[in-house]
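Q: One-letter residues, chain by chain:
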Amino acid sequence: DQQVKQNSPSLSVQEGRISILNCDYTNSMFDYFLWYKKYPAEGPTFLISISSIKDKNEDGRFTVFLNKSAKHLSLHIVPSQPGDSAVYFCAEGNTDKLIFGTGTRLQVFP
Amino acid sequence: NAGVTQTPKFQVLKTGQSMTLQCAQDMNHNSMYWYRQDPGMGLRLIYYSASEGTTDKGEVPNGYNVSRLNKREFSLRLESAAPSQTSVYFCASSDRTVYTDTQYFGPGTRLTVL
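Protein chains in written order, with the numbering used here: chain A, 1 to 110; chain B, 1001 to 1114.
Among these hints, one or two may not hold up.
[Stated by the list, open to error] For lysine to aspartate or glutamate, the following EDC-like pairs were computed, each having C-alpha atoms within a straight-line distance of at most 16 Å:
| id | chain 1 | residue 1 | chain 2 | residue 2 |
| --- | --- | --- | --- | --- |
| 1 | B | 1009 | A | 59 |
| 2 | A | 37 | A | 59 |
| 3 | A | 37 | A | 84 |
| 4 | B | 1057 | A | 96 |
| 5 | A | 54 | A | 84 |
| 6 | B | 1071 | B | 1095 |
[Stated by the list, open to error] Here are a few chain A residues that sit away from chain B, every Cβ distance over 12 Å (derived from the structure):
| id | residue |
| --- | --- |
| 7 | 5 |
| 8 | 6 |
| 9 | 17 |
| 10 | 42 |
| 11 | 49 |
| 12 | 60 |
| 13 | 109 |
Worth flagging that the hints you see were computed from the coordinates, not collected in a lab. All residues carry an ideal CB built from backbone N, CA and C; glycine is no exception.
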């Protein structure tokens, strides 16, 4: 039973526009969420996180929104750049490990 | 400061062969993890070690064993490789707190079992 779902396997966005990546979860007992970015042939790298007591966290071009009533998490990238093209994973932090979603492949085209 | 290192980068095994994937971190982290990544499946946790001397099963532990050799090193062993274990394996480490668990990943080992 997938606890963290990324229902869009891929997303294509024009350079300069906003990219919105979504994540839904089922477990309400989480402590925090994280977003990771992964380039081909590399390990995932940490991007941004949000704790359960917040509904928004911002870091430069990246903003994560948390809607606890809808059990929904989103990552906004503004403006999108070609270097943002990668696979993005959301992860739920609970007890002593992370639970990852299946990932969304973002392609930013000129 | 190398972060998390993994060896080997690539490996091809025949069914039934054994091998050990090595992982080391130089960030003085307490927790270490092994994941596998398969197409459409995301990152699935195989085993983890919350501290030196402890190990616990993750989501997909069958067919694997682990050893937390010391605080720096965490190895993953396949005793009798099967084609279903063809995957990309990632090691990670973190210094988790109550508030967050930022994991740092190695570059991965691409394993093919024929």
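Q: Run every hint past the structure and note whether it holds.
A: Consistency of the hints with the structure:
1. 1009/B x 59/A: 32 Å, violated
2. 37/A x 59/A: Holds: residue 37/A and residue 59/A sit about 14 Å apart, inside 16 Å.
3. 37/A x 84/A: Within the cut-off at roughly 9 Å; holds.
4. 1057/B x 96/A: Cα-Cα ~11 Å, so holds.
5. 54/A x 84/A: 25 Å, violated
6. 1071/B x 1095/B: Answer holds: residue 1071/B to residue 1095/B is near 12 Å, not above 16 Å.
7. 5: 10 Å, violated
8. 6: Incorrect as stated: the minimum Cβ-Cβ distance to chain B is 8 Å, not above 12 Å.
9. 17: Its Cβ never comes within 12 Å of chain B, the nearest being 26 Å, so this holds.
10. 42: 6 Å, violated
11. 49: 6 Å, violated
12. 60: At about 17 Å from chain B, residue 60/A clears the 12 Å cut-off, so the statement holds.
13. 109: Holds: least Cβ distance 23 Å, greater than 12 Å.
The earlier numbered hints that this structure contradicts are 1, 5, 7, 8, 10 and 11.
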